[in-house]
Amino acid sequence: MRARYNETMLRRVPVAILLLCLISLVLSSCLAHHRPFGRAGANPNQKLLTADQSVLMDEIAKQYNAVHDFSATVDMAPSLGSAEKNQITEYKDVRAYIYFRKPAEVHILGLAPLVRTRAFDMVSDGTDFRLYIATQNRFIVGRNEVTAPSKNKLENLRPQHFVSALMVHPVDPKIEKISMINLTDENNAFYILMVNHDEGGKLQPARSIWFSRVDLQMARQLIFDENGNILTDARYSQWHAYDNVPFPKHIEVNRPRDEYGMVIDIVKMDINKGVPDGKFVLDQPEGTTLQVLGEAPATPPKTQTPAPPRKKK
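Residues in the sequence shown are numbered from 39 upward in steps of one, following the numbering used here.
The reader is advised that the hints may include incorrect statements.
[What the hints assert, rightly or not] The calculated DSS-like cross-link candidates involving lysine-lysine, where the alpha carbons are at most 25 Å apart (straight line), are:
#1 LYS306 x LYS140
#2 LYS317 x LYS306
#3 LYS287 x LYS100
#4 LYS287 x LYS140
#5 LYS212 x LYS189
#6 LYS100 x LYS311
#7 LYS140 x LYS317
#8 LYS100 x LYS215
#9 LYS100 x LYS212
#10 LYS189 x LYS215
#11 LYS215 x LYS240
#12 LYS140 x LYS100
#13 LYS140 x LYS240
#14 LYS287 x LYS306
#15 LYS140 x LYS311
#16 LYS240 x LYS100
#17 LYS287 x LYS317
These are computed hints drawn from the structure, not numbers from a lab.
With the hints as extra help, turn the sequences into a complete structure.
Set out below in structure tokens:
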């Protein structure tokens, strides 16, 4: 009985194998569907580029070291509000001029839409800043660090926020620990360098730097506070060579905690042609109200109107 059972099973095995082969042929020819998909900025047939952590770190350092100074004419679209509060107000048609010189000097001059008069003016030497807001007739001075955010979002503007976004600092392996993530799926193709500060053996999130696997160009930088909250979200696209130095033509800078942002499109740019000292000087305009951050704004003295002369009796 057992022998007859084994003989029957042996006859069925080839039949089962044949059946599986037929099913696989049917599935591959009739039911299987190869679905191509494209990612933003990529040809569907383009192969993604590969790189390791050291190559990407070298690319950051190369880009940063290639720029000593620059003068740029840009179109800006400032915005106030935040995505978290579901309310963002955008302002269009702001022509601006940005001057930068290492290590940290920067001057940003913004012109009012249409009339092209001075709307705001900011300078910083890397430690202190000076800000003129024409619409409020105010001149603000203080340190670059925002220790107590103001309810008036314009008072939270700092030139260094733009510098850290425009000039991505190289990774310092002495004080920073690096790990790499390969985020590649149907919608994304990025290498992400996670940069953490080593605080006595405890790692604190500092930055993440994103590279597109389409061209291995920097696409995004997130800067975090010690709790992992986003301080700056900068995005880069449309890389172009200015004076043989690659630089993104389109930059988006968002400061979600301070509730303001800026879209920057470069119109003209000169790199490493020198910026004179006078470009980093900003004097207080006459008649403006001076405010030192942390102190109440100074009130301009009121002009007393002379009493009318008494009529002679």
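Each hint, compared with the structure:
1. The suggested pairing of LYS306 with LYS140 holds, with an alpha-carbon distance near 20 Å, which does not exceed 25 Å.
2. Between LYS317 and LYS306 the alpha-carbon distance is near 17 Å, which keeps this suggested pair within the 25 Å criterion.
3. Distance hint between LYS287 and LYS100 is fulfilled; the C-alpha atoms sit about 18 Å from each other, no more than 25 Å.
4. Among the hinted pairs, LYS287 with LYS140 is consistent with the structure: their alpha-carbon atoms are about 20 Å apart, no more than 25 Å.
5. Our distance criterion of 25 Å between C-alpha atoms is broken by LYS212 and LYS189, whose separation comes to about 38 Å.
6. Between LYS100 and LYS311, the direct Cα distance comes to roughly 18 Å. Compliance with the 25 Å bound is thereby established for this hinted pair.
7. Our distance criterion of 25 Å between C-alpha atoms is met by LYS140 and LYS317, whose separation comes to about 13 Å.
8. Simply put, LYS100 and LYS215 have alpha-carbon atoms about 19 Å apart, close enough for the 25 Å limit, and the pair holds.
9. The hinted pair formed by LYS100 and LYS212 meets the criterion: a straight-line CA distance of about 18 Å does not exceed 25 Å.
10. The hinted pair formed by LYS189 and LYS215 fails the criterion: a straight-line CA distance of about 36 Å is larger than 25 Å.
11. In summary, the hint linking LYS215 to LYS240 is supported, as the alpha carbons are separated by about 11 Å, within the 25 Å threshold.
12. Taking the CA atoms of LYS140 and LYS100, the gap is about 15 Å. The hint holds against a cut of 25 Å.
13. Distance check on the hinted pair: LYS140 and LYS240 sit about 31 Å apart at the alpha-carbon level, beyond 25 Å; violated.
14. The hinted pair formed by LYS287 and LYS306 meets the criterion: a straight-line CA distance of about 9 Å does not exceed 25 Å.
15. A C-alpha spacing of about 13 Å is found between LYS140 and LYS311, which places the hinted pair at or below 25 Å, so the restraint holds.
16. Among the hinted pairs, LYS240 with LYS100 is inconsistent with the structure: their alpha-carbon atoms are about 29 Å apart, more than 25 Å.
17. Between LYS287 and LYS317 the alpha-carbon distance is near 22 Å, which keeps this suggested pair within the 25 Å criterion.
In summary, the numbered hints that this structure violates are 5, 10, 13 and 16.
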